Structures are given as C-alpha cells and as structure tokens.
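Student: Please construct the entire structure, taking both the sequences and the accompanying hints into account.
Residues per chain, in single letters:
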Amino acid sequence: MRALHRKLWRELWKMRGQAFAIAIVIAGGVATLLMSLSSLESLRITRDTFYRDYRFAEVFASLNRAPQGLLASIEAIPGIQTVETRVVAPASLDLPDFPDPATGLVISIPDGRNPELNRLFLRLGRLPDAGRSDEVVVSEPFAEAHGLLPGDRFSAVIQGRRQNLVVAGIGLSPEHIYQIKPGDLFPDPQRYGILWMNRSHLAAAHDMEGAFNDLVLTLARGASAGDVIDALDRILDPYGGVGAVGRDDQLSHSYLEAEFEQLATMARVFPTIFLGVAAFLLNVVLARLIATEREQIAVLKAFGYGDWEVGLHYMQMVLLMSTLGLVIGTLGGYWLGEALGTLYADFFRFPYLAYQLPFQVVAIGALVTLAAAVLGTLSAVRRAVRLPPAEAMRPEPPATYRPTVVERLGLQRFFAQPTRMILRHLERRPFKALLSITGISFACGILIVGNFQQDAVNHMIEVQFGLANRYDVAVTFIEPTSRRVLHEIEAMEGVLKVEPQRLVPVVLRNGHRHFRTSVQGIVAEGDLRRVLDTDLQVMAPPEDGVVITDFLAEILAVGPGQTITVDILEGKRRTLTLVVDGLVNEYVGVSGYMEIDALNRWIGEGSAVSGALLSVDPAARDEVTSRLMNSPRVAGVTHRLAAIETFRETMAQTVLIFAFIATLLAGSIAFGIVYNSARIALSERGRELASLRVLGLTREEISYILLGELAVLTAAGIPLGFLVGRALCWYLTVGMRSDLYRVPLILEPSTYAVAATVVTVSAILSGFIVRHRLHRLDLVAVLKTRE
Amino acid sequence: MKQQAEQQPDKVVFHAEGLTKIYRMGEIEVRALAGVDLELYRGEFVVLLGPSGSGKSTLLNILGGLDAPTAGKVICGGNDLVLATDRELTQFRRHMVGFVFQFYNLIPSLTARENVQIVTEIAQNPMPAERALELVGLGDRMDHFPAQLSGGQQQRVAIARAIAKQPAVLLCDEPTGALDSTTGIVVLEVLERINRELGTTTVVITHNADIARMADRVIHLSNGIIGAIDMNQDKRAAKELSW
Ligand SMILES: Nc1ncnc2c1ncn2[C@@H]1O[C@H](COP(=O)(O)OP(=O)(O)OP(=O)(O)O)[C@@H](O)[C@H]1O
Ligand SMILES: [Mg+2]
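Chains A and B are the protein sequences, given in the same order.
Under this note's numbering, the letters of the first sequence match residues 1 to 787, in that order.
Under this note's numbering, the letters of the second sequence match residues 1 to 243, in that order.
Hints are computed from structural coordinates only; laboratory data are not their basis.
For each label pair, taking beta carbons as the anchor points, the in silico distance ranges come out as:
hint: 1; chain 1: B; residue 1: Gly151; chain 2: A; residue 2: Ile769; range: 29 to 39 angstroms
hint: 2; chain 1: A; residue 1: Arg382; chain 2: B; residue 2: Tyr23; range: 18 to 28 angstroms
hint: 3; chain 1: A; residue 1: Trp9; chain 2: B; residue 2: Gly35; range: 43 to 53 angstroms
Part of the chain A face toward chain B, derived, beta carbon under 7 angstroms:
hint: 4; residue: Arg6
hint: 5; residue: Glu11
hint: 6; residue: Phe303
hint: 7; residue: Pro388
From a predicted model like this one, the values you see are computed outputs, not experimental measurements.
Don't be surprised by glycine CBs; every beta carbon is placed ideally from N, CA and C.
Tutor: Here is the structure:
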C-alpha cells in the first residue's frame, strides 16, 4: 500500500467518530429521498399491476334503466373490447352494535362468478354461490371496521326493503380502491361500504330484472375513449344516461390520483429540502475539515505532490465517508420505503405491495451527495493549495486579536478572562462562526419542517370544522326536495336548529380552463355553515354572483370582479355566466358558494333543497339519526365529529406518518451537524488549548473556552433556525397545494420548542464527547507534533 | 552577476536577481528580503548565516519554489521560477529539490519510514527509505510515529526524507538546530556525503558559525540583504567540527 493510502486510512480511523457523523448526515438526506420516491413509485406500480390483473374498466356509465337487449347495440360501438352491464343500488346498512348511520353501494356480479371487468380480489371466503340470494362479498375496509368475517350476518335496506345478508367473502376491487362516499372529503370505512351480490337477486331487489342501470367497458387497443364515450352517451341518453366517464373522472381513480399527486409533491419537496440541506452542510463541514489540514497539504506540495494528487487524496477521504453514508442511507431508505409503502398500501387498500427501489432514485441520491462532497472538497483543497506552502507550514503567526466590541464598550470587567477569549475568538473569525451558525440553523430548520404539519392539521380542523362547518348532523336527500321537509326535521325532538342546503354539480369554466365541482347554496345569515374570506372573517354568500375557494380561483385564473361560465349538470342543464364576487378561504376541497334562493333562481328550480344542516342536542343525536335514516328521502347522514375524526385519521395515515419519519431523519442530520461543528472546533483549537493547559489552566477552564463557544454558536443558530424552518415550511406548503387540500403555514410555539430542544440536546451530547476528549488531551503529544 | 554567469554558464544552478519579499499586515510592512542578488553553483556546499529574522527561511523558500517573491527573479535550469506555472513548480519540487524544514513538518499519521516513502514513491531515482533512515542513524526507529520520536529524531527523519530522493539541490533550514553536537555532526556528515558523492548543491541555514567551516561559500544575510559572501579557503570535513 502506498504511504498516501496509509495516511488516508489511518486518518479516517482516527476521526472515525466525526466521519460517522458526516455519514449520518448524508444517510439522513439519502434515506429521505429513497424512502419518499420508492414508496410512491411502488404504490404506482402496485396500482397499475392491480388494475391490469383485475381488469379495471376504462369507461364507466350509469343510467336509469335500460333493457338488457340494448347491450348488443353498445357492443357494436367501434373501439370497445369488453362491455359488462350491471345493476348498482344504494343501500342503508344496518349493523348490529353500530348505532351511527352507514350507507353503501351494492354492485351486481354475474351469479356465482367473478365479473369480466373490475374483478374481485378475495381476501377471505368465497364468492356468493350461484343459487344463494342472501350472500354478499363485503369490501375489506368496511368489513375490518366492523369486524365482519365470512358467515357473519347483517341487514341492508335496498329500495325501502330490508334484506338479511350473509357475508360470503371479503374482497377488494380495482374500481373501489378509494372507498369514498360521493360528496365526502375523506373515506370513512365505518360508515360507507361496498357490497357485491349475485345479479339475479340484486335485480329482483332493485326492480331491474332483464335490465341494467350501470355498465363498464374496456377499450380496444388504440381506441379513443372520447369517441366511445360520445357514442355511448348517444345510445344511453333515452335511458336516463348521466354521461359516461373515463378513468380520469372515476371516483376512486381520481381520488387515488389526487392523493398520489399529494404524496408525489411531498416526495419531491421533502427530499429536496433534506438532501439539499445535507449537501450544503456536508460541503461546509468538509471545507472546514480540510482547512484544518492546510499544513499537511503544504508539506505534500513542498515535496512535489501536484494539486491534483493532493486533491485526489482528500477526495478519496471524503468519498469514503460519503460512500459509508450512501450505503447506510440506501439501506435505511430501502427499509423505510418498504415500511411506508406497506402503510400506504394498507391505507389505500391494495391487496399487496409491489415494492421496489428504482435504480434511478439511488443514482440521483448518489449523484447529489457525491457532487456536494466533491465540490465541497475541491473548493476547500483549492483554497488550501492556493496558499504558498511556505506560509502554510510556518506555525501560524499569533493571530491579530483586537479588543472586542464588548471591550470597546468597556464591559469586559463583567467577564472573566476565558469568556473574553471566547468573545475575541468569535469576533476574529466571524466567517467561521457564521458557517457554524448556518449549519446549526439549518439543522434546526429541518426539524421544524418535519413537525409543522401537525400544527397545520390542527389549524385546518379548527377552521374547517370550528369556524366554517358548525352543524352537528348533515343530511343529504336522494334528490332535490321541497323545503317542507325542513319543517318535518325541525319538529323532531332534540333538533335545535335546521338550515337548508342546496348542492348543484357544475363545471366552472374560464376560457379553456375548467373544473368540475359543485356550487353550494347556503342561507345568508346562516349559523351552521359559513364561508370565510381570506382573513377568516365570515362573509355573506352573494345573491347575484358566486364566491369561490381561493385555490379554485387560481385553477381557473380568475379574480374577484371577473366572470366565469357555469355549466349546471342537473335539471335543466343551464349554462350561466356569473361574476366572481369574492374568494373563500378553505383548506379542504374546492367549491363555489351562493345564497340558496339566488342559486335556485339562477338554475330555475323553485325553492328545492338537496340537504339540511342540523344543530342537535347531543343527548338526542342517535335518536334523531335513526329517524332520519328511516326516512325514505334521506340518502345519507353525516356527523361532524365523525368527519373530524376521519379527517384526522386520513392525515395521520398519510401526511403525518411521513412527517414523523422525516423528523427522525432530520434529528439525525441535526445531530451530525452539531457534533461535527464541535469536533472541528476541537481540532482547530486543540493545540492552543493544550498550550493553555501547559500554562496552568485547568481542564474545566479550557473546556469552558471551547464549549462556551459552542454554546454561543448554538444559541445564535437556534433563532436563525426558526426563520429557516419557517421559510422551508412555506416552500413545502406552496409545493403541496392541491384541490384535495391546502396545508396552511401555521407553526405553534411547541414546534419551535421541539426543534430547539433537539438541537440543544445534540449540542449538549456533542459537548460531553468533546469535553471527554479535552480531558484526555495528551499535552505532550499535541505540543510535540504539529497537526 | 552577469559576468559571473558568463564565466561559468553551465555551472550556475540558481541565479537570483533583485529578490524582494514584503509581508503586509494591515498598515505594517515587513521587508523580509530587500533586494537579494545571488548565484549558486553545481555541487557546492553553501552555508547561509544570519541573525534571527534576517530573512534566511524566506530566501530558502523562494529558491525552493515554495513561496513567490514580491519582486525579482529566480532562474533555475533556464526557467524563471517566478513565472513558472503551478505544474512546472510542482515538477521542479518533485524532481529537483529536497527540503529540510525548520519545523520538520512530518506527517503525524505516518511512521518514520512512511514519511520517507511518501517522497520516494514519487521520485525518479530514490534510495530505499530504509537506507535513508539508516544514514541518519534511525535504522531502529523506522516504525515509530512522529509523536513517539524526540525533536532531534524528528529532525533526522526530515533529513532522511529530503535526501532519499537524491535531489539535485538540497535546501536545509537549521538541520541541526535541535541536535546535540555529536548527533549534529552525524547529520552533517550525511549531508556532506550526499553533496560529495552525488554532487548535490546544498544550502544549509544555521546560526552556528562553526558549521560554516565545512562550507565552500558562506553567505551572510542581515536585514534582508546580503552583507558578504565569503569563499571558504580552509574547508573542513564535518567530523572535524565541534561546538
Ligand atoms: N508570514 C509572515 N508574515 C509577516 N511577516 C513575516 C512572515 N514570515 C516571516 N515574516 C517576517 O519576515 C522576516 C524574515 O523571516 P524569516 O523567517 O525569513 O527569518 P529567519 O532569518 O529564518 O529567522 P530565524 O532564524 O528566526 O528562523 C522576519 O522579520 C519575520 O517576522
Ligand atoms: Mg528561519
């Protein structure tokens, strides 16, 4: 082995603690990247495989009722591969021991067989027997939420008739991966489920014998979905077709897509921040590390080693540390990615997870880290090499200390000599001090990023469910209904207040931009449902215009005062032009709002309501609920508290889990940085401190000088880190905005406190390690050789 | 100077002219060299004498291509070191010069042997590292780290490191400063032998006027200028010296 290589290994071994800390910083950044991208990529692959293996349909249509004979003319549409007709029926589900309202969707399957399209994956049990009329397959999330197993019984009300059912199997379908009740913002597996039943029985129960009210199809290779949809709509129109949709507008698929988009953003933004910070810190740490080697670099140069060879030598040292970090980070990222992917797969209800770590992702991680390491090293080596060797090798001239600001202000009498040394050293090396402070502040900053989403979620709940939605129970009717129904509800015992609500599905357009959502009609002086402006002040719903969610205004590129086109998707299907009267602050979902009577006037539908919001005496809640559920006009009942709970759960299982792991990684990066700052300070000043020991200062006194400096730097870095953290969080919220939800930039004092605590604890631990080294400082060895 | 160069054109190894070195530290200017003209000839043994702070180390560093003068030129082998590229300077140091530094500057993480090897590995015609160490009397300390050696022993490792590559020019900054007279003489004998057997041009800085007795020429430096250059008519062998 060449002497230079021996030097490399020996020095690496000597600074193994520090090298390991550097490796941890890299590992933290790389693991974040791999975890984020691999879990997401695996989810995508899993979804696509599931879609393919279980033949997820490509076009979906529902209608009122058509004779089965129509199938032949549908099959004649060019571009269709397979068509399957079905019967789909809404149902109220009645489970023993569950008082809350639960609803579901019953979908027919060919008697005793798995359908051709949207095939069922059976987790437990079997398909219903061909001859049995009471057997169903229950969707897994619903079954799990209620502890249902094959053989269990419950009942459902279909078309007003009670059916006693037996669970034959528990399964999943590519069509209902994301099981969300239409109109809800988040899935609630306790209160919404999917059932699959033999067609002959469901047809009988739903008055659909010899007929169908739903169909799904796949396209032939190269066929255009748009053309097929147009042809299909023409055929189905006389039968009450409501417009076929492609996958993009299919409920489960589009929600899944939106959630994936959200995760993808997080998977982009987090690693960008983490890896960026890790790379920057790596750069700083290595630059300082190499600066301490300046004398040895000079010796090598004096003996004829070229800049390139010297650079390569240090590059190897750095690459070895980085490689260690990469290996740890890759293993950690792989493991965390699989764990996270499994959690996500569970949450999204995939039957399995096709986990893989894409090679490109590893390559990106390696490239970014190594580039940061190499750049940091090169610039530091260049700086060291530029110094003439003669100068670098001379013992450093006693530094030109000046009286500090403190001393010029005449405050020195308040400080003992060691304190003055700390102050002078900091003042003389402001740039180095600044680098340390920057490192510590970034460490503090990413800790804040990891934690802040919890605060944001709390704030979202407070605004969404505290200020905007203040009802206890929300009722939706099967179809727009006369206002008289409100009086009936108001008359129920325990109902304190009722407000009407009108929900109209629309497409909003501005030029070529358009968005499918709903306009909500609410009462002007309403108390149970209010819209808030961008300052969270209550605003009145307009009568001759519409107010829209601020994010929707961005999607449509409109501002207050401008007009948008509104295509009403029900009733007379009018197209209106409305002025945007103002913007609504809303964190979850996007929609438009109008005064309810004005909305009805615009769409030309008397004074219909599509739902009602209730304030209910808590003691009477269950009683009111069950009476509502038994009313034939009621399609669904939602409790606000249950909505809050599902919101929390959704966030907990997606965003917060991710953020929690990210916080752990941030913690490791933070520790690595603080520890390195301390160790570098030790190697820069070891000689000076040893000399002071020789001159008679005690161990405690020299520890005080070094650790006092560390304390000052940490104390300065933390508040700066608060600012850095806030800026990084802002970047995250901007990146994560989607029509599903927008996370507001809310940071609670406790988040700052946690970040500050982690940094402080890291500093104290590092301080102990450094102090231990200082106490064992071999005075003779330090003074004899010059490092 | 010009005449001298014409007299012995092929014997001149170094030709320095008008060398000035000014260190600026804020408002204060330190004039370490104030116009030095100097020639060194092939195979000669030169002693550089002068009080502390007179600019000896500065001059030596400039001759060795470790530092650049503020003004003036240094011609070696037909090239001006002052104008040389970094690459050329590296080649120059690698193949032409052996240094012994006033503060040894050993690499702490390498043993004595490895400290020599790090130089011999890149040299064109080195002697084995072990032989170089034996020459300075450290055959039994080859696997010691610098921290395990005395100051004088470290200095001898530094000398072994400088001579091992058998350079054309040997520049030694107080090679015996930390040694007792017996060991000092052993070291000087090594330098003398390298100078004689290999024809290495050798420059030795010292405060010790006794050592000047083994030189071909003695250059006196004070306050950054050359006060006098003595030709030593009565050159002594190293082992005849004592102090
Ligand atoms: N880096 C520097 N910055 C400022 N002044 C310097 C520097 N290096 C040397 N000097 C000054 O230049 C002058 C010459 O220094 P040099 O090291 O050449 O002296 P020297 O003759 O080798 O002395 P000694 O015998 O004590 O080693 C001295 O006055 C010294 O203070
Ligand atoms: Mg000197």
